[in-house]
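S.K.: For the record, the sequence lines run as chains A and B.
Mapping the first sequence onto my numbering, position 25 (from 1) lands on 25, and the numbers just tick up by one.
Mapping the second sequence onto my numbering, position 40 (from 1) lands on 40, and the numbers just tick up by one.
Among the hints, erroneous ones may be present.
[As the list claims (entries may be wrong)] Restricting the straight-line Cα-Cα distance to at most 27 Å, the calculated cross-link-like pairs of lysine-lysine (DSS-like) are:
{"hint": "1", "chain 1": "A", "residue 1": "K320", "chain 2": "A", "residue 2": "K130"}
{"hint": "2", "chain 1": "A", "residue 1": "K21", "chain 2": "B", "residue 2": "K21"}
{"hint": "3", "chain 1": "A", "residue 1": "K228", "chain 2": "B", "residue 2": "K219"}
{"hint": "4", "chain 1": "B", "residue 1": "K21", "chain 2": "A", "residue 2": "K17"}
{"hint": "5", "chain 1": "A", "residue 1": "K159", "chain 2": "A", "residue 2": "K320"}
{"hint": "6", "chain 1": "A", "residue 1": "K270", "chain 2": "A", "residue 2": "K228"}
{"hint": "7", "chain 1": "B", "residue 1": "K320", "chain 2": "A", "residue 2": "K17"}
{"hint": "8", "chain 1": "B", "residue 1": "K49", "chain 2": "A", "residue 2": "K318"}
{"hint": "9", "chain 1": "A", "residue 1": "K320", "chain 2": "B", "residue 2": "K320"}
{"hint": "10", "chain 1": "A", "residue 1": "K219", "chain 2": "B", "residue 2": "K318"}
{"hint": "11", "chain 1": "A", "residue 1": "K228", "chain 2": "B", "residue 2": "K21"}
{"hint": "12", "chain 1": "A", "residue 1": "K94", "chain 2": "A", "residue 2": "K159"}
{"hint": "13", "chain 1": "A", "residue 1": "K105", "chain 2": "B", "residue 2": "K288"}
{"hint": "14", "chain 1": "B", "residue 1": "K219", "chain 2": "A", "residue 2": "K119"}
{"hint": "15", "chain 1": "B", "residue 1": "K105", "chain 2": "A", "residue 2": "K219"}
{"hint": "16", "chain 1": "A", "residue 1": "K130", "chain 2": "A", "residue 2": "K318"}
{"hint": "17", "chain 1": "A", "residue 1": "K49", "chain 2": "B", "residue 2": "K49"}
{"hint": "18", "chain 1": "A", "residue 1": "K94", "chain 2": "B", "residue 2": "K219"}
To be clear, the hints were calculated from the coordinates, so they are not data collected in a lab.
Residue strings, one per chain:
Protein chains: 2
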Amino acid sequence: MPTITANFAAGPAAMPKAVLKTIHQQLGRDIENGVSMLELGHRTAEFYKVRDEAKKNILDLYGLRASEFSVLFLQGGARLQFGALPANLRHLPKPAYIVSGHWSKIAYQEAQAVSSAEKVWDGEADQFSKLPTQVSVTGNPSYLYLTSNETIHGVQFPKERLATLGENLVIDASSDFLSYGFDWSKCAMLFACAQKNAGIAGVTIAIMRNSFIDQMDAKGLPLYLDYKIHREHDSLYNTTPVFPVYVTKVVTDWMLERFGSLAKVEAFNKKKAETLYTLIDQSGGFYKAHAEKNARSHMNVVFTLPKDLETKFAQEAKQKGFLNIEGHRFLGGFRLSIYNAIEQNQVDAFAEFMASFQRSQGS
Amino acid sequence: MPTITANFAAGPAAMPKAVLKTIHQQLGRDIENGVSMLELGHRTAEFYKVRDEAKKNILDLYGLRASEFSVLFLQGGARLQFGALPANLRHLPKPAYIVSGHWSKIAYQEAQAVSSAEKVWDGEADQFSKLPTQVSVTGNPSYLYLTSNETIHGVQFPKERLATLGENLVIDASSDFLSYGFDWSKCAMLFACAQKNAGIAGVTIAIMRNSFIDQMDAKGLPLYLDYKIHREHDSLYNTTPVFPVYVTKVVTDWMLERFGSLAKVEAFNKKKAETLYTLIDQSGGFYKAHAEKNARSHMNVVFTLPKDLETKFAQEAKQKGFLNIEGHRFLGGFRLSIYNAIEQNQVDAFAEFMASFQRSQGS
């Protein structure tokens, strides 16, 4: 097996080496001298500190106040939120959904199944390559739902639009969590599974405006789905996934140390994305990006090349140590997931490979 | 801080040193040369192997056939099962619940809240110190629910009773999972959070008779609560908690290597429990076990000593490196959780401390 040049997996994704080393070192020390993070109780002062630091890191990075927003650590993935959220608001006017890719489509379908929901925009006719600049909402929906970055189709809302599309925005930010700062004034809730930008699979982070939770009513639902209960218990209603939360703390510690602010994270990611999109745009049509220019994701660069060259491209990439570049099984083609842990030099190396591959085809 | 002699936490609990070392070593190797278990994708051949080996280990230990039983890896803790299970069977006659401690009481309350349930036995009047030898079930309940080991109150059903109490048994075995073999002929489902005997918080293992799942109907529920979906996708409906499942694989590998069979695990645990109960019984009333003799847990030894000596006992125990011996905040007193990872010599050391403490009080 060749050395790994870059693991471009969409999630669970590559983590920063520094984070992995911190976790490895602490585990080594604790095996000898203490209670390891794999054994630590959720009702211990040591874990409260881990949880509170993770919460503080996340609020600080987004510039939010703990008095306005609760940070919850939940299980069940972003997927469980798809059903739990509309179920908690069944007594209010139906929510509005922007369907801009695979994940928002599923979230919309699930909202319809557990209560009812209105679709206010749908990009499927354009193979989910575009995004709306505005949507027409009727009545007074309990929330307006969108997926800020669609991992499979590689479309991402420009951050400026998150404050202009509507009120009570609920954002599934699973694949662009903590990758840029934005104006939260219209945002009621943002949630993200951890395994792309913030840790490992097993914990989902929900940042919820307290006034939004106040409106909820979970009567008749399994209690684990009751956001008020999770807020009341500060994510300790039942056994918190201690180790996944700890990993999120280490990742956000690293972010603060490495970048210091989301503005810097954003610039870092923008440069990586532009490196790839520029190469694609200058390839004379050899490479084609799936997303329209003004909807392109800075996290998942989805592209195609001539169909008959796909296997060769994949094989040569693998030989050069580039892992997990295949597109999602629903879409095909290729996808480079370039989350916060991916370095500019890894992207440069892939861009060089792409250019060289194209030249070798004489095109 | 003194060296740790034993971590008697009730869960998240101590893990075998050999397991911690395996995980630490593999993480170290992978940071240098590969994709670590913290980054591994859930839809990879490597993870399928981990999942399948964990499933096989569990089925093999219990002597079950994969054609009859499905093993599911779920999130949300045992707690989410409390609500999800009755919700999946709302269309059938109401289930029957044995309330024998804190956890079965909560499970019963939740079943009542999401559908309806009948309580067929209640031990609360006896402070949950006893267990029924038989229960009277009316009609044809969709299942008969019990908690095989009540972690807080330290009561555990003798394993022989699990085949005689009724049909379609559903067992919450969170705190005695994989600690003894038993006759599964009447068992429809057994579930357990991993963080006591089988890994870390973040994954719950459900072993479900396929004919039991076949009866379920999850219409209108959030899809994550649909057991049929999880079975259909072989625990890959959404992102599986990869690392927690991997830890469960390493723990069950260790069990097979160290013990080979649940009969040996049972004997190992029985001896530890008897060491402590014998000392308690021979203390002339200085130490008192909470549970009646025929209901005593081999996993959680719950006892009291004269109230005015509690603080001194706790302090001296701590000085000798015994951690987490306090009883649950709902009950007080003391509790030693002696799961599979706790060695006989750790229990012997604590028994010696108990005897010496009593002598030092001149009683």
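S.K.: With reference to the structure, classify each hint as holding or not holding.
M.R.: Hints, one by one, checked against the model:
1. K320/A <-> K130/A: Given pair K320/A, K130/A is violated - Cα atoms ~33 Å apart, limit 27 Å.
2. K21/A <-> K21/B: This hinted pair holds, its Cα atoms lying about 16 Å apart.
3. K228/A <-> K219/B: OK: K228/A and K219/B at ~24 Å, within 27 Å.
4. K21/B <-> K17/A: Cα-Cα ~20 Å, so holds.
5. K159/A <-> K320/A: 34 Å, violated
6. K270/A <-> K228/A: Violated - the C-alpha atoms of K228/A and K270/A are around 37 Å apart, more than 27 Å.
7. K320/B <-> K17/A: Violated, because 38 Å separates the two Cα atoms, which is more than 27 Å.
8. K49/B <-> K318/A: This hinted pair holds, its Cα atoms lying about 22 Å apart.
9. K320/A <-> K320/B: 55 Å, violated
10. K219/A <-> K318/B: Judged against 27 Å, a Cα distance of about 44 Å means the pair is violated.
11. K228/A <-> K21/B: 39 Å, violated
12. K94/A <-> K159/A: 25 Å, holds
13. K105/A <-> K288/B: 59 Å, violated
14. K219/B <-> K119/A: This hinted pair holds, its Cα atoms lying about 21 Å apart.
15. K105/B <-> K219/A: 19 Å, holds
16. K130/A <-> K318/A: Roughly 31 Å separates the two Cα atoms, so the pair is violated.
17. K49/A <-> K49/B: 36 Å, violated
18. K94/A <-> K219/B: 19 Å, holds
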